[in-house]
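S.K.: Here's the letter readout for the chains.
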Amino acid sequence: MSEERKVKVSAKYLTKTFDLGKSKSEKIRAMINPVGKGVQKFWALKGISFEVYEGDVVGIVGVNGSGKSTLLNILSGLLLPTSGELTINGETTLLAVGAGLRAQLTGRENIRLKSLMMGKSNKEIDAQMNDIIDFSDLGEFIDQPVKDYSSGMKAKLGFSIAVHQDPDILIIDEALSVGDQTFAQKALSKMHEFKAQGKTIFFVSHSLAQVREFTDKAMWIQYGDLKAFGSTKEIADDYQAWNKWFNTLSRTEKKAYQEEQKEKQVAFSEEQLAKNIAQDQALVDDEKKAISQHLAVGDAMPISSWLLFGLSFIGMLFFIYQYAMWG
Amino acid sequence: MKEIWQVLKEQFKYFPVMWRLANYEKKARYQNHVLGNLWLFLNPFMQVATYWIVFGFGFGTKSPVEGVPYMPWLIIGLATWLFINTSFMDSTWSISSKIWEIARMSFPMSIMPMMRTLMNFNAFVYMLVIGVVMSVFYGLPVTVYWLQFFYYLFAIFVFLYACGILNATVTVLFQDYQQIMQTVMRFVFWISGALFSISDRFGVGHERIVRALETNPFYYLVSGVRDSFFGHTWFWENTYPMLAFWLFTFCVLILGSHLHLKFRAYFADLI
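In order, the protein sequence lines correspond to chains A and B.
Final position of the first sequence in my numbering is 416; the numbers increase by one with none missing.
Final position of the second sequence in my numbering is 276; the numbers increase by one with none missing.
Quick caveat, the hints were computed from the structure, so don't treat them as lab data.
Wrong hints could be hidden among the right ones.
Said to hold, decoys possible - Sample of chain A residues facing chain B (criterion: CB under 8 Å; computed from the structure):
#1 Ser112
#2 Lys113
#3 Lys116
#4 Ser165
#5 Gly189
#6 Ala192
#7 Met390
#8 Ile392
#9 Phe402
#10 Phe408
#11 Gln411
#12 Tyr412
#13 Gly416
Please read all numbers here as calculations on a predicted model, not as lab measurements.
Quick reminder that beta carbons are idealized off the backbone N, C-alpha and C, glycines included.
If we strip away everything but chain B, and leave its shape as in the complex, we get (with noise of 0.2 Å):
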């Protein structure tokens, strides 16, 4: 417990620093390129235009919900997940990449996987709100219900930053759990439930198998998010995998601020 506070104190005694250098990256990252901050957009509108043939079109998937179409259902989903992986993969090897230019720097190395959860917050924003707006456009209503964008906004930071700790310090001990980490990822994206609801493509018969599925982290927090502008239920409701997703997040947290403290004097020693 006492390793969890000790790293989540740095984060914000120095999240000026981190922030200040977010956005300093942010400017560099795409400086070199003609098209510059537009990529930003075109990367995630040429996802959203790709799914949309593919799954819109192709295999005709409807959106669960009532009078909105799919291509809104598909961006609000789509953005969560996209900013959760983004942000999750660059953890990886957001310390062991850099070892060199932050190791003697005046801010401990633990602010690097949040400094780049937030240089994708943006990104995410704007592509949130244009489906957002769209969906309303389609008739969706304002509800209380929406508040809940918080609640799900917070629990994504709270994962992201947990497992950023872990994945960061595993990848300077373990080089290859980042392409272990890829690989599994690419697996999650499927059952993320990003693309389509995965209760109506496995049907009526694999109730408990879609549940066990449902319950895993990324789930949760693309569904929640979708929930707080669709649906009609408080997150307190969904208890089970609320506590699920709050004791698995937890789990890396401890495991992650451990490891972290322990070995981060050797980074250099390591890489």
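Isolated chain A (complex conformation) (with noise of 0.2 Å):
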């Protein structure tokens, strides 16, 4: 079954790192030359892989500053991964409490923008208008300011703006654990309806009741690793049974285990990550060695367009020169 499955998304030895304490323009400088000598750095991830089919409905669990808003935000586009291979097959819409609404609009005027910032034309929008009031419950509170919104209210005009847009990976971020029941319901059902259609979803959420109810696999992201991948009930499980070992910890053992565990994501390397890399047998060589080396920056400006530019700057002096001279 799996083998007719189109993959969706996969991704290789995912990293992203972030400079801790420097400036910006240390930062600049360290995007140009990432071999450059090395400043701290923090694993946010430290080289996740996986692979997502078409109709699939993932969930993504773990503590708090585990990485997983930073892995939606790569699958979304927002930030660039530091190494390794991500592959996305389709547009993603990445829903979040709030995210892109604008809190002088109203409801009806923030759904506008955002279907114009998706691509779509005034006709296609007013033909959908009505649809995305009705699934957003919202009755006569559309025509009111986004800022006199509660956050399940903004949370349900999201997502109904996000399913309206008709997206092939939907990636929601704790966006429905604000809503009330009836509405979870309601998304649970236009959720299946994706799923039916082939769509693939990534759900984020805290609450892991959400999670079993939700989705048929799960990640189980801690620390920037992968830690398992696999049925909702296993990881859901095992995900519950760890946070069970770890509140018996007192207040003091947890603080030094956060911290190992924070140092550990500071300690790893690109040396590290490599190593890794090479012990995998499902990687041909070529792609090991592309996979472990570090993203780079555009290209740099090739020669001609340096001396294109040059020329012109010299032509405008001289041109500035003759006409000032003499007229």
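Using the hints, put the two chains back together into the complex; each one sits in its own frame.
M.R.: Okay, structure coming up:
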């Protein structure tokens, strides 16, 4: 069965580093020259690999600061991975609480703005408008400015807009945890509809109950590593067990544990990553090399462009001189 | 060259999106104001009134054109300057302030500066029409030279496009750029020729300085738009300033497209 299904998202040794305590100019310099001398880096993702197929509904669980949001931001195209390979077949739509809603505009106006940004024409939007408003359950509030909405109402509006954009890959970041039960049911049935259409959904929630209810696969991300990836039932049980164990620890033990994990994320290195990749049997040698390399910032300006730039500049100075001196 | 082409292609490919967004934002801009879109006119006309009183009455500035009073001459120049200046400054923050809203959208960020320009275009046209109608009322003849306006309009758009890409990109990388540009533009205003003819101010004996000042691209555009209505020469007769202007624009375009493509994937990391 899985051979027939198309791969929607494939990640190989995805990493993301954040530079610790650096000014922006240093960041830019580090980008241009990634192999320059190492300033301390924090590895938010330490090389995670997975494949997600069409029709998959994948839950992502993990404690705060484990790298879930970073992963979602990479999947939605906001951030670029530091290294690794990411293939996404289709358009992604990210849905986070209140994401991209403008507070001064009314709900209706926000629907139009968001849809325009997704490339829809006004005609298409008019045709969809009533469906979106109906689905959102907002009633008269739709003509109120969004700044007067409760967080649940914002989530409803955001969800309604997102699902009506007909996304291939929908990424839901905590957006349903604030909605009420009725709306959650409605959202669930919409997600089942998407699943039947072969769409892929990533679902992040702190509510394990929701993850169990909505998803059939789950990823457990723990301090930058993909700790486990499998059926939701197994992963959710494991995660719950781990949480239980963690909660038995005393406060100082908890703190020590977290510190230790964070230190590991700072201590992780490119050499370590390369070693991990080298041990992977499933990869070809060429691939290994490509994956372990830092993704370079766009090409340097080609000589021809520099030449053109220089010539134009000199030409400009010459003409200014000519004009100024002799008219 | 490839980079210029790539960014340019994005502009055309996503022009419908850009157009619709610009129209929408225009509507939303003054939505919460009691006077609404009237501000679009009130702002520039208060400026015209101020400069007219200070320069027209106070300093007794005359328009260099025979038969045309200072007021319409000022309106046409100031309309052009305001359009260029507003769009130029808007482009600096067009990406950096909206990054969270636009980074995940299905259009490239390179269309944002041009979208800002489109938003300001209406106000420019209305003000220009008022200036021209006024001049005709005072007896300005309609000539074939008026067609040049379309050349200068084209030049304004290319110039704003090139500067827009560069401004928007550099502001993301280097926040102070916006403040620097604000200061620079305040100075440029006085040599843009929007308020008075530079050569009249300097008088005889300073022709070389005057001409050097007049090669700045802002003066080229502002005086160009004026010349299309008041002048009796074709734009290609003004050879050296024309070449200097286009070479400058081309330099900015090379630099802007290159930096934009090089860094745009990292914009979210940098803000």
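S.K.: Would you mind marking each hint as holding or not holding in the structure?
M.R.: Right, here's what the structure says about each hint:
| no. | hint | result |
| --- | --- | --- |
| 1 | Ser112 | 11 Å, violated |
| 2 | Lys113 | 6 Å, holds |
| 3 | Lys116 | 7 Å, holds |
| 4 | Ser165 | 5 Å, holds |
| 5 | Gly189 | 5 Å, holds |
| 6 | Ala192 | 11 Å, violated |
| 7 | Met390 | 5 Å, holds |
| 8 | Ile392 | 12 Å, violated |
| 9 | Phe402 | 5 Å, holds |
| 10 | Phe408 | 4 Å, holds |
| 11 | Gln411 | 5 Å, holds |
| 12 | Tyr412 | 4 Å, holds |
| 13 | Gly416 | 6 Å, holds |
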